[in-house]
Amino acid sequence: MGNRRKASRGAPPMELMKSNRETREIVGAGILAALGIVATSVGAFAHVPQLAAPGSTAILVGGAWLGSALARTDLSLPRRSTANRAPKTGD
Amino acid sequence: MPTREITWNVGAFAIAAMYALVVVQALILGYGATKRYAMWRSGRPHGPIDRVGERLRATLGVMFLHRRLIRKGYVYAGVMHLFIFWGFIMLFVGTLIVLLEADIVRPFFGTSFYYGTFYVVYKIVINFFGLIFIIGLLMALFRRYVQVPIKFRKSLSDDAIVLGLLLLLGVTGFLLQALRLAATDDPNAAIHWVSYPLVLALSGVDRGVLRAAHGGMWWFHMLSNTALIAYIPVSKLFHMFTGPANVFTRSGEPKGALAPILNIEQQEHFGVSKVQDFNWKQLLNYDACMRCGRCLDFCPTFATGKPLKPRQLVVEIGAHVAKQEGMLAGPAGPNPAEAGVRGYDPQTSAAGAEDRRTAVMLPIAAQLIGDVVSEDEIWDCTTCRACMEQCPVLIEHVPLIVELRRNLVLEESRFPQDVQLLFNNLERNSNPYSFPASTRGDWAHGLGVRELAEVEDPSTLEIVYWVGCMSSFDGRTQKISTAMVKILQAAGVEFAILGREEGCSGDPARRTGNEYLYQILAQQNIERLQAYQAKRIVASCPHCFNTLLNEYPQFGGTFEVIHHTTYIEKLVTSGRLKVPAASGPDANPNLAYHDPCYLGRYNDIYDAPRNLLKMAEGGFVEMPRHRERGFCCGAGGGRAFMEEKRGTRISHNRLNEALDTGAEGVVAGCPFCVTMFEDGIRALGAEERFQVKDIAEVIAQKLDAASQPPTTPITTT
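In the order they appear, the protein sequences are chains S and U.
My numbering puts the first residue of the first sequence at 1, with every later residue one more than the last.
My numbering puts the first residue of the second sequence at 92, with every later residue one more than the last.
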């Protein structure tokens, strides 16, 4: 999955659509979390406590969603296959 | 009015930063949880999860009441975990209450509940749970780093980080509270009874200093909290989710039933040899291990220095799965090299890598058997179930071992030479020995025992006596079947045996991985028993008893199966069997009782043999390891037919325990245990002072003694 983005350059339309959907999901989750940070920050600095509750909820949901979306796309996972690598002998 | 200002001494920047930190926490937790969920989902299908309500009740009992954690022998560890668990839960609930007040009730409803009596009770209760949280953590540190039981000789940095972070959180919470109370001269400081002594100690300190210290401590507390939550998905802390999930999805089959390979003729792949062979339940299984080591406490292979260690097996397979699924951590924690996981540890790396960075990269095509789990480990297991009985989250070790054996046997044809001989004998003679099947009933000649084929109307029989291979062919254990015949005849029970028509129940074939042979043997026996319309079967061998009772129904053979200890007890309590009450020189309460694994742990029969011993001998000696915590004799899982080449002998370990009690002998309810112990006492040179008996032999001897005329004592004048 980690190589999906590279592969998607020449991939069939379904792969591209899937890749775009994943990207949109990550961006959406990031925006939700960012909105949450803005809302709670405004709530804290401008003494508007009514913004803190929805803001913190957006932070929690957006953050967890972002983490989940990243996990499903494997964007940040350094996975190196050594399937074809010869064992290192130390010589 | 007792209350406090929420976020006192915390500026708007700190509050905004605190919420920003929540993003990091949620992101890491979401990432880790999704990775692990995806890993379980990648497994093959598993049977449906039925009886949801019952499962939920059991899971809640394990979680909140610690039903599997606080058990005999585990009071310290159970209470320790209970303190940490309830402390953590209540501190979390306490934080939610503050959140509710500050973020919802006050801003949206313009009211408040965080004052007065509620506040006083809340503070007293939260202080209590905060204290037990810290006590629990100190107990854990003491156990792991001061007491250091053998299973904790090698602690990982993960263990220290988890305990350290939790302790940091608890201690900084109380320090924060004390600094605020001292800095604000709170008149209600005493209700914060755990922090109060510190408040008194700080009363002379400058208020500005206290305020500054509070500010610093607040940040420290918040960062510790972030670190802890971020650490959950990559550490054993994740068991707070996987543990309950594993208990909820536990097998609903009887404890003694292994999963059958259905339509075995059509299968092309058998057992487990690579990660892709696991079903999702098995993948969850390995992910739920928190390395508590209870599986080692009564494990015969661990106690006798064999390569198989159930915890290491689960950790290694879990780490292998995690790595192949591209996860950051599995049950070995974030640093599997420390846990000695093969392929990670430079010392044991299959690739012979020089540094850990390279060692981590075990080839992705690594095979489970050989690269991760050695064949010695797979064949060492006695399937005694001690590991599964003790595991707090119901990890299933034995079915895994059998799946690995199935692959070796049915797909690779790789197994010890002794096992080859076992299979040959089972195939040719339908018994594990080289005796012809036609001689199976020879032991009963002259005893007045009928074979079913000779019985005109089998429906008139009360029971079919299932003798088993061991008691049919082995000279020593034939005495058990002979004793059983005496008992049945004394009680006037109408019975018959299958004789030459009886075949091996298939237990040794199934437990050594030869499911194909097992199914043939089982099918033959089921057909014969059904042909004779057998309804009630009494078995002397717990292995046969378990297979007939729990596994034959998988192939349509549903019978009422009773172990001979239970049946004899019923005969006595119903008054059909008159056994003279223990008294005088005939009574010998100095015999130790040994729980056979397939009778006790697999089928929960613990009391019937004990009751018989009390009645016949006036008592018995209880060994330190007994009932659910009993110790295997070393014969199960087909081990009775294999040479014990690695480590010390399991039967000697058990016999030494019996000898240490000062008992004059050991009684079991299993011909395999009797044989293992007979061999053991000869090897230990204790045959002159130590006897081995089956329960049936004990009872039969009492009947013999009662039927003989009393001898007149010789008196001298």
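Heads up, a few of these hints could be off.
Quick list of simulated restraints, FRET-style, between CB atoms [unchecked claim]: (1) S:Val-42 to U:Asp-276: 13 to 21 angstroms; (2) S:His-47 to U:Ala-303: 30 to 38 angstroms; (3) U:Asp-276 to S:Ile-31: 44 to 52 angstroms; (4) U:Tyr-167 to S:His-47: 45 to 53 angstroms.
By construction, these hints were calculated from the structure, which means they are not laboratory data.
The beta carbon of each residue, even a glycine, is placed where N, CA and C say it ideally should be.
Hints versus structure:
At roughly 33 angstroms, the beta carbons of S:Val-42 and U:Asp-276 sit outside the given window of 13 to 21 angstroms. Judged by the Cβ atoms, the range 30 to 38 angstroms given for S:His-47 and U:Ala-303 is violated: they are separated by roughly 24 angstroms. Checked against the hint of 44 to 52 angstroms, the C-beta distance between U:Asp-276 and S:Ile-31 comes to roughly 46 angstroms, which is consistent with it. The supplied range of 45 to 53 angstroms is met by U:Tyr-167 and S:His-47, whose beta-carbon atoms lie about 50 angstroms from each other.
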